[in-house]
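If you read the sequence shown in the numbering used here, its first letter stands for residue 8, the second for the next number, and so on.
Careful: at least some of the hints might be erroneous.
Mimicking SDA-like on lysine to any residue, the simulated pairs with C-alpha atoms at most 20 Å apart in a straight line are [claimed, not checked]: (1) K60 - I16; (2) K74 - G87; (3) K92 - I123; (4) K60 - T77; (5) K53 - V29; (6) K60 - G87; (7) K117 - A98; (8) K60 - P73; (9) K92 - S52; (10) K92 - K74; (11) K80 - M34; (12) K80 - Q46; (13) K80 - A56; (14) K92 - P73.
DEER-style ranges, computed between Cβ atoms [said to hold, decoys possible]: (15) I85 - S35: 30 to 38 Å; (16) V116 - K74: 30 to 38 Å; (17) A42 - N18: 37 to 45 Å; (18) K11 - M72: 22 to 30 Å; (19) T70 - N18: 22 to 30 Å; (20) N18 - N93: 30 to 38 Å.
Simulated from the structure, these hints should not be mistaken for lab results. Fair warning: this is a prediction, and the values are worked out from it, not measured in the lab. Ideal Cβ positions, reconstructed from N, Cα and C, are used throughout, including at glycine.
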Amino acid sequence: MIDKALLNIVNKVHNLPTLPQVVESVMSMVEDPNASAVQLAEVISKDQALMAKVLRVVNSAYTGMPKEITTLKQATVILGLNTIKNLVLSASIFDTFGKGDVNNRFDRVKFWEHSIGTA
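My request is simple: use the sequences and hints to build the entire structure.
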């Protein structure tokens, strides 16, 4: 039997946000063994905010690059497909659920902790 509280929440959901087309394309491409870093960079470059986030990550202390990386192709090769996939998906989720009104019950901190705990 379905919990009444859960059913009540589900009934209040009028629409769930969808992932942007760029994110869907990136997700498909990283699963395609024939996709190249150049193709992936072309798709990511269609979203300026996403492109900036990828370049910010590749140029952070995380990668320890001796010089600044300025192209998405370089960033994609350095970070690798899995990191790009995770970065794109995470950025999209936080952008999508970060919007909304004050009644938005999505707790980003708890989501992040859960994601780390189950990874």
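The hints, checked one at a time:
no.: 1; hint: K60 - I16; result: 33 Å, violated
no.: 2; hint: K74 - G87; result: 18 Å, holds
no.: 3; hint: K92 - I123; result: 16 Å, holds
no.: 4; hint: K60 - T77; result: 12 Å, holds
no.: 5; hint: K53 - V29; result: 7 Å, holds
no.: 6; hint: K60 - G87; result: 15 Å, holds
no.: 7; hint: K117 - A98; result: 16 Å, holds
no.: 8; hint: K60 - P73; result: 19 Å, holds
no.: 9; hint: K92 - S52; result: 14 Å, holds
no.: 10; hint: K92 - K74; result: 24 Å, violated
no.: 11; hint: K80 - M34; result: 17 Å, holds
no.: 12; hint: K80 - Q46; result: 9 Å, holds
no.: 13; hint: K80 - A56; result: 16 Å, holds
no.: 14; hint: K92 - P73; result: 24 Å, violated
no.: 15; hint: I85 - S35: 30 to 38 Å; result: 22 Å, violated
no.: 16; hint: V116 - K74: 30 to 38 Å; result: 35 Å, holds
no.: 17; hint: A42 - N18: 37 to 45 Å; result: 40 Å, holds
no.: 18; hint: K11 - M72: 22 to 30 Å; result: 54 Å, violated
no.: 19; hint: T70 - N18: 22 to 30 Å; result: 46 Å, violated
no.: 20; hint: N18 - N93: 30 to 38 Å; result: 33 Å, holds
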